[in-house]
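Trainee: In case you want the letters, here they are:
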Amino acid sequence: MSTHITDELKSWIGREATYTAPEELGRASIRYFAMALGDDNPLFYDASFARDTRHGGVIAPPTLVCETNQIFQNPPDGNGYIGHNWPLPLPSSRFIRGGNEYEFHQPVRGDDLITVTWRIVDIFERETSRAGVVIFVLSEARYTNQHGDLLAVNRETNIHQP
Amino acid sequence: MTALRPRWFEDVMVGEALPPLEFDVTLTSLVMYAGATWDFHRYHYDPEFVAKLGMPAPFMDGQMVGALMARQLMQWGGADAFVRKLNYRQRGTVYVGDRIVLCGTVSDKSVDEGRALACCALTVTKTDGTEIVRDANAAVELGRRP
Numbered sequence: 028m029s030t031h032i033t034d035e036l037k038s039w040i041g042r043e044a045t046y047t048a049p050e051e052l053g054r055a056s057i058r059y060f061a062m063a064l065g066d067d068n069p070l071f072y073d074a075s076f077a078r079d080t081r082h083g084g085v086i087a088p089p090t091l092v093c094e095t096n097q098i099f100q101n102p103p104d105g106n107g108y109i110g111h112n113w114p115l116p117l118p119s120s121r122f123i124r125g126g127n128e129y130e131f132h133q134p135v136r137g138d139d140l141i142t143v144t145w146r147i148v149d150i151f152e153r154e155t156s157r158a159g160v161v162i163f164v165l166s167e168a169r170y171t172n173q174h175g176d177l178l179a180v181n182r183e184t185n186i187h188q189p
Numbered sequence: 203m204t205a206l207r208p209r210w211f212e213d214v215m216v217g218e219a220l221p222p223l224e225f226d227v228t229l230t231s232l233v234m235y236a237g238a239t240w241d242f243h244r245y246h247y248d249p250e251f252v253a254k255l256g257m258p259a260p261f262m263d264g265q266m267v268g269a270l271m272a273r274q275l276m277q278w279g280g281a282d283a284f285v286r287k288l289n290y291r292q293r294g295t296v297y298v299g300d301r302i303v304l305c306g307t308v309s310d311k312s313v314d315e316g317r318a319l320a321c322c323a324l325t326v327t328k329t330d331g332t333e334i335v336r337d338a339n340a341a342v343e344l345g346r347r348p
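Protein chains in written order, with my numbering: chain A, 28 to 189; chain B, 203 to 348.
Next up, chain A with everything else stripped away, as it sits in the complex (with noise of 0.2 Å):
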């Protein structure tokens, strides 16, 4: 099996890179990104039903941290992407997603300032049935508060095909 897997690539094993936002995440956001999802859970809008949870007020839907972007002067590139990007060596930048595993540590709300921490945790090849020899990358997003608190850990699989 030819390998991918260069002294340069693995080098990237173990880098990391954190953005804090400019602002509070806002309950205007929480409230778009229910509305995207067609959700009309009152937990995330209706600040009156919210107070009488267990939860004290109003909450954002468990996954919305992990798809904040805490970069804001980058122009889109040229395929519009925003955000986020390792500019990794890899032989070909066609990629598909090979899944997502999310803890989540507190729910997040309208008045926390988020910091996340992306991280490469693995680069390795595998051969596989479907597409030959390809090329994991795993990475992990820790977000946090402005408080310190852990909010939520996103580690995710893409797989590249060279």
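No wet-lab data here; the hints were simulated from the structure.
Check each hint, because a few of them may be wrong.
[Unchecked claim] Chain A stretches covered by chain B per the calculated footprint, using a threshold of three residues with CB under 8 Å from any CB of chain B:
id: 1; stretch: 52-60
id: 2; stretch: 67-75
id: 3; stretch: 89-98
id: 4; stretch: 103-114
id: 5; stretch: 125-138
[As the list claims (entries may be wrong)] In silico lysine to aspartate or glutamate, EDC-like type, Cα no more than 16 Å apart, as pairs:
id: 6; chain 1: B; residue 1: Lys287; chain 2: B; residue 2: Asp314
id: 7; chain 1: B; residue 1: Lys287; chain 2: A; residue 2: Glu128
id: 8; chain 1: B; residue 1: Lys287; chain 2: A; residue 2: Glu167
Ideal placement from N, C-alpha and C gives every residue a C-beta, glycine not left out.
Dock chain B against chain A, hints included.
Mentor: Using the frame of chain A, we list chain B on its own:
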């Protein structure tokens, strides 16, 4: 909508099915999700761009599938619910024009560090049976009966 009440941990039975969630994937729904998540990649709204990549239509971001699973879990778990864990392997791509069906079953119950958790096994399929996720599982924290 009907009032959202807590679902007490004590009342949940292993083997119980969650109410299925059906979702019609329209260009509008993908644009709404793109806007709400600052994901302006042309994958999700540009038919000509994706046609050049050999794809039949704009397609759903993988994390939107997870967001829909979380919607189903939070609705089922009621006012005191909080999803603690969710994981899945992506198997299929969801395109504009598809209708997807999310199903779930309670696979286990446990109290862990004082948290009352219902573990759920989940599936997401298209109406033609195409599998979208595999090994999808969640742990939902529920309220305890007072």
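Trainee: Against each hint, give a clear statement of whether it holds in the structure.
Mentor: Hint check:
1. 52-60: As far as the stretch 52-60 of chain A goes, the hint holds, because 3 residues have Cβ atoms under 8 Å from chain B.
2. 67-75: holds (count 4)
3. 89-98: Our answer is that it holds, as 7 residues pass the Cβ test (under 8 Å) against chain B, meeting three.
4. 103-114: This one holds; 6 residues, not fewer than the three required, reach chain B with a Cβ under 8 Å.
5. 125-138: Three-residue rule met by the stretch 125-138 of chain A, so holds; n is 8.
6. Lys287(B) with Asp314(B): With Cα atoms ~13 Å apart, Lys287(B) and Asp314(B) stay inside 16 Å; holds.
7. Lys287(B) with Glu128(A): 8 Å, holds
8. Lys287(B) with Glu167(A): Holds, at about 15 Å.
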